[in-house]
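Going left to right, the sequence shown walks through residues 1 to 307 as UniProt numbering numbers them.
What the hints contain is simulated information worked out from the structure, not anything from laboratory work. Just to be clear, a hint being listed does not mean it is correct.
Just the calculated beta-carbon pair ranges, DEER-fashion [what the hints assert, rightly or not]:
1) Lys239 to Lys82: 20 to 28 Å
2) Ile225 to Arg35: 18 to 26 Å
3) Glu58 to Gln170: 31 to 39 Å
4) Ala60 to Pro224: 33 to 41 Å
5) Thr165 to Gln110: 16 to 24 Å
Here a beta-carbon is modelled for each residue, glycine too, at the ideal position from N, C-alpha and C.
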Amino acid sequence: MFRFLAVLLLGLFSLVSCKNIVRKYDTRVHKSYQRKDFSSQTVELGNHNIFYYDNKRENAPVLLLVHGFGGDGKISWKDQAKAFEDDYRVIIPDILWFGKSKSTATPELQTQVDAIIDLIEYLKVEKIHLVGISYGGFIGLGVAQKNGGKLASLTIVDSPGIHFTDAESQAFCDKIGVDSISDAFIPQNSDEVKRMLDFAFRKPPKLPGFIRKQTLGIYMSKNPIEQRKMLNNLPENRKQFQELKIEKPVLILWGEDDEVFLIEDAKQLQEQLGAQLIIIPKAGHGLPSEQPKDFNKALRNFIESVE
C-alpha cells in the first residue's frame, strides 16, 4: 500500500500545505478511479453499510479485490485497478470498519465473510475471481467455504489460513516488540505506524513523522475497537478452515521476504488446497504494491488459464 504513497506524498509536499497533504493524496487517488470510469457508492445491506468501487464493465470477467489491515480498498488495490480495468469488471470494497464501510454486527471474520457474500448477491455477479490479501485472504477462504458456487477462482495473497501457529505468532510479536498481533496491526501513533511499515515491506518507505501522523488519522485510526476485536477473534475464527477443501482453482501469491507469514505457511496451505503457489522475489507482506508488475502478471496468467 505505502510504497507509491510515499512517492506521491513526497512529490506533493512542495505543492500543498503539510496540514492537507495526505487528505489531498486520498482525494487524488479517488479522482484517479473516477477517470478510469469507476463509480463508487455505499449500499445498505442488513446491518452493513458497504462502500465499494465498480467499473461496471459489461460482458467481462469479474475481479473482486478484498484488502486487509492498514488502509482501504482504493489505496490497497490502486495498481491492480489500473492494470485490470480494461479487460475486467473490477469491484473493490472497503471491508467493514475500514474506509467508508461500517456495521453494527459483531466484529469477527464471519461478519466480514457474510458482508462480501451480501455484496456479491446485491450486485448479481457470477463466476467471480476473488483475490484477498492478508486478512482479506481469510475473508476469501470464508467466502469459498460458504458460497463457493459463485466463484470462478480464488487467489490468496500472503494469508496462511489455518497454517499460522501460536509459536509463530509469538515469535513475530517478540521480533517487533509488541504484546499481540492487534498491537502490531493497529498503530496508535506515528512511531507505531513506522513500525508497521517496517515489518510490512521489504524496503519500507521513509515517511516523515508528520505524514505518518496524517496517515494514521485518515487510514488507520477509524474504528480501532472493532478492528482489535477482529484480530483478537481471528485465532478462533480461522479454526473453521481446518478441514477446508476448495473445488475451484486456487492460486497462492507470496512475497519471498514476508516477515508476517512465513513461506512455510504458504506451502502448507498449498498442500491443503491443492493450489498453485508462486513466490515473488523482492517483496514482503505488501506484495501487490511492492512488485505490482510481477503480481499482476501472475494473477492475469492464472485467471486467463481458468477462463
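Now for the hints, and whether the structure bears them out:
| no. | hint | result |
| --- | --- | --- |
| 1 | Lys239 to Lys82: 20 to 28 Å | violated (37 Å) |
| 2 | Ile225 to Arg35: 18 to 26 Å | violated (36 Å) |
| 3 | Glu58 to Gln170: 31 to 39 Å | violated (50 Å) |
| 4 | Ala60 to Pro224: 33 to 41 Å | holds (38 Å) |
| 5 | Thr165 to Gln110: 16 to 24 Å | holds (22 Å) |
Hint compliance for this structure: hints 1, 2 and 3 are broken, all remaining hints hold.
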